[in-house]
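Colleague: Each chain, letter by letter, is given below.
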Amino acid sequence: MTMQHTALAPAERAVRVLGGDLTERSLRLHLEGLSGVDAVGLEQRAAGLGTRSIKTSSKAWALDTIIKLTDLTTLEGADTPGKVRSLVAKGLNPDPSDPSTPRVAAVCVYGDMVPAAIDALGAAHGDPDAGLVSVAAVATAFPSGRASLPVKLADTRDAVANGADDIDMVIDRGAFLAGDYGTVFEQIVAVKEACRRDDGGFAHLKVILETGELTTYDNVRRASWLAILAGADFIKTSTGKVTPAATLPVTLLMLEVVRDWYRLTGERIGVKPAGGIRSSKDAIKYVVTVAETAGEQWLQPHLFRFGASSLLNDVLLQRQKISTGHYSGPDYVTID
Amino acid sequence: MSFLEYAPAPESRAIVKLRPSYGLFIDGSWVDGHGEPFSTISPASEERLAEIATADEHDVDLAVAAARRAYDRTWSRLSGADRGKYLFRIARLVQERARELAVAESLDNGKPIKESRDVDVPLVAAWFFYYAGWADKLDYAGLGANPRALGVAAQVIPWNFPLMMLAWKIAPALAAGNTVVLKPAETTPLTALLFAEIVQQADLPAGVVNIVTGAGGTGQALVRHPGVDKVAFTGSTAVGREIAKTVAGTHKKVTLELGGKAANIVFDDAPIDQAIEGIVNGIFFNQGHVCCAGSRLLVQENVHAEVVDRLKQRLTTLRMGDPLDKNTDIGAINSREQLDRIRSLSDIGEQEGAERWSAPCEIPENGFWFAPTIFDNVSTSSTIAREEVFGPVLSVLTFRTPAEAIAKANNTPYGLSAGIWTDKGSKILAVADKLRAGVIWANTFNRFDPSSPFGGYKESGYGREGGRHGLAGYLKAGN
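Top to bottom, those sequences are chains A and B.
With UniProt numbering, the residue at position 230 of the first sequence is 230, and numbering never jumps.
With UniProt numbering, the residue at position 227 of the second sequence is 227, and numbering never jumps.
Calculated directly from the structure, the hints in this document are not laboratory data.
Please note that a few of the clues may not be correct.
Computed from the model, here is a short list of chain B residues facing chain A with C-beta under 7 Å [claimed, not checked]:
#1 F3
#2 L4
#3 Y6
#4 A7
#5 P10
#6 P271
#7 I272
#8 D273
#9 Q274
#10 E277
#11 T317
#12 K326
#13 D423
#14 S426
#15 N443
Subject to a maximum C-alpha distance of 25 Å in a straight line, what follows is the list of computed DSS-like cross-link-like pairs (lysine-lysine) [what the hints assert, rightly or not]:
#16 A:K281 <-> A:K59
#17 B:K137 <-> B:K85
#18 B:K458 <-> B:K253
#19 B:K434 <-> B:K476
#20 B:K326 <-> A:K55
#21 A:K68 <-> A:K281
#22 A:K281 <-> B:K326
#23 B:K424 <-> B:K408
#24 A:K83 <-> A:K241
#25 A:K321 <-> B:K326
#26 A:K59 <-> B:K326
#27 A:K321 <-> A:K281
All C-beta atoms in this analysis are idealised placements derived from N, C-alpha and C, irrespective of residue type, glycine included.
Let the hints inform the model, and build the full structure from the sequences given.
Modeller: Right, dumping it as structure tokens:
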């Protein structure tokens with residue numbers, strides 16, 4: 001097929017790993033040459049990591065870390081500036097009864113809500129590494145991704161111009177499942193370019209694979225590599241609008257990919273499971289999986305995030321249990 | 001502090017109430033042994049756990065006589081359905097006392113609690129449930145209508161899976177209508193003695209299950225006893241040979257489940273991350289104290305460096321230490337004697353030129369420990385590629401083609417198990433067909449199920465345990 005020899009945009013990583021004559025064909029050969037995934041074995045390993053017993057000081061550390069790594073999210077048609085202000089207040093001061101509670105990493109909203117979020121954050125807006133809270137915006141015709149590339153790019157540029165620090169884009173799952181890897185690749189490359197700010201810097205790009213629609217672990221591994229090759233700063237499991245969203249085996253698999261990318265290039269890529277993680281117990285399993293797969297250095301906001309909303313309050317309840325010795329109840333944590 | 005230094009998460013010992021000393025369990029009650037008693041210790045701390053009686057020839061005689069009486073007077077007269085009821089009851093009691101049994105097993109054996117809790121004890125219950133179901137269906141066991149029990153079974157089991165091996169032996173024997181005298185290993189008698197309590201709780205007729213403790217002498221007396229009709233042994237090939245000689249020329253039926261030197265074959269098209277897990281599980285599960293352990297890694301030469309590199313990386317995350325800590329991956333070596341054997345074979349491996357690498361682990365002060373170890377560039381003639389180490393020691397060999405992999409895998413006097421790792425189903429079938437091993441795992445390793453027969457080729461023994469086939473060792477065709 002002649003189409004297969006179509007040259008692709010020379011994304012820097014892809015050129016480094018696949019060579020200068022980057023084509024649809026060379027990309028396909030690479031993705032299809034990746035080692036397969038045995039589903040039974042992967043799920044068994046994830047279940048094994050899930051049996052780790054995290055107690056006392058380790059649990060306290062894990063709970064604080066989960067908060068620091070959370071992208072506190074609201075992605076509803078009914079979102080208003082008031083709702084976003086409330087979300088931001090929650091992210092800045094998750095537990096009014098305990099000022100030692102850390103802030104979340106970011107708030108995650110639709111692109112048009114970015115100004116409201118930045119406004120509400122005020123001086124607290126900034127890099128989570130500095131104890132500040134950043135703003136992530138979903139873009140590219142989220143959640144389906146069913147729009148033309150110019151629309152997706154406009155969506156992205158709009159959010160970046162509004163001041164979004166992170167862009168959470170969705171891949172074109174239809175193109176991926178049709179085997180049209182080149183299209184998915186080119187779109188990521190183009191969106192990455194649209195993340196460029198006026199000052200020359202870039203908004204961080206999180207690439208949502210929507211693993212619940214890719215269905216097989218082999219597809220998840222290919223899509224993860226594809227997204228990284230095209231320039232993703234983060235690979236993210238899900239929009240939260242499709243079931244299943246994040247699962248432990250899928251996240252483990254994506255962590256294995258970023259670990260392998262690090263082995264290959266020395267470069268660290270982030271991972272963000274999103275959707276469906278509601279309890280502290282589950283979130284701690286993810287923290288364990290990160291530490292034992294990619295390594296502890298991944299447990300920082302630039303390399304790992306939880307996309308979640310209701311998780312935060314369960315973590316706060318557990319945190320209160322540790323400091324007071326008894327369980328409180330849902331009336332003792334605030335709703336946003 | 002590093003998060004990976006997980007805070008201690010010990011399982012409580014309080015649930016196990018050990019007596020200071022244990023007698024023999026004969027004819028439904030506890031009696032004194034007439035041999036010299038011995039101590040059983042925790043291999044992780046060398047702490048003395050309890051004093052255990054030794055059965056001498058006279059005690060063994062009493063046990064066999066009790067089993068014979070129980071067979072003649074009660075057990076052989078019960079219907080299969082009634083025998084099944086007892087077995088179901090035992091299975092449920094094992095589940096009820098699961099945590100206690102798991103803690104006792106980890107204390108006495110040294111294996112991590114996550115394994116005794118998630119593997120050993122659940123399988124024990126599963127084995128009794130499975131064979132309980134067979135008890136009234138023996139007509140379908142493949143021996144024709146009305147197969148008959150053999151009589152009294154003498155069963156001698158090893159220390160690596162004390163309670164699980166007990167279940168593998170007792171469940172099919174009782175389902176088939178036999179009565180038993182079982183001798184647990186001298187370093188791990190505790191769970192068999194707790195099982196005797198379960199037998200009492202289940203109200204099993206006296207003498208159907210007898211437990212005699214002691215060392216090799218007790219086992220010998222039991223196996224030689226003219227009153228037994230069946231000998232079932234799991235353990236080393238050397239002892240198995242002795243047993244085969246002892247029973248030769250007698251009417252006794254024999255099942256032997258002996259050593260192994262399994263090949264775990266990794267092809268270049270294997271699902272790499274899962275293969276690494278499978279290699280780890282194959283040889284480091286239960287500290288490598290597994291007769292079917294994947295102790296020879298046969299890896300295709302073109303992926304050898306990558307596999308070894310990833311394997312080492314993975315081994316650095318294994319946690320060695322207190323067997324009762326829920327996060328422990330690698331527990332203690334069962335005895336000083338076994339530790340000495342692992343050390344001496346490892347030293348020979350090094351002397352013979354293999355490249356030794358051990359995972360960086362802090363070795364606890366007391367107890368018996370051996371860090372997970374890989375020997376790379378091992379040749380087929382190396383001692384560590386031929387002899388069963390029965391410890392956390394992996395020998396890495398390479399191959400170029402499937403034919404070479406098969407030849408090397410079969411090049412051992414053993415033939416208990418093997419593993420195949422490839423994404424290609426046709427390759428799995430083609431290779432499995434040519435491997436001379438009783439159990440072959442594809443894209444997994446060390447998985448057990450009561451419905452699946454287990455046993456060896458060649459010097460790994462004869463007879464099968466588990467599944468319908470496992471009944472054949474305890475039955476004779478009806479007339």
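Colleague: Taking the hints in turn, state whether each one holds.
Modeller: Now for the hints, and whether the structure bears them out:
no. : hint              : verdict
1   : F3                : 6 Å, holds
2   : L4                : 5 Å, holds
3   : Y6                : 5 Å, holds
4   : A7                : 4 Å, holds
5   : P10               : 9 Å, violated
6   : P271              : 4 Å, holds
7   : I272              : 4 Å, holds
8   : D273              : 5 Å, holds
9   : Q274              : 3 Å, holds
10  : E277              : 5 Å, holds
11  : T317              : 5 Å, holds
12  : K326              : 4 Å, holds
13  : D423              : 4 Å, holds
14  : S426              : 14 Å, violated
15  : N443              : 5 Å, holds
16  : A:K281 <-> A:K59  : 10 Å, holds
17  : B:K137 <-> B:K85  : 13 Å, holds
18  : B:K458 <-> B:K253 : 18 Å, holds
19  : B:K434 <-> B:K476 : 31 Å, violated
20  : B:K326 <-> A:K55  : 10 Å, holds
21  : A:K68 <-> A:K281  : 16 Å, holds
22  : A:K281 <-> B:K326 : 16 Å, holds
23  : B:K424 <-> B:K408 : 20 Å, holds
24  : A:K83 <-> A:K241  : 19 Å, holds
25  : A:K321 <-> B:K326 : 22 Å, holds
26  : A:K59 <-> B:K326  : 14 Å, holds
27  : A:K321 <-> A:K281 : 14 Å, holds
Hints 5, 14 and 19 from the earlier list are contradicted by this structure; the remaining hints agree with it.
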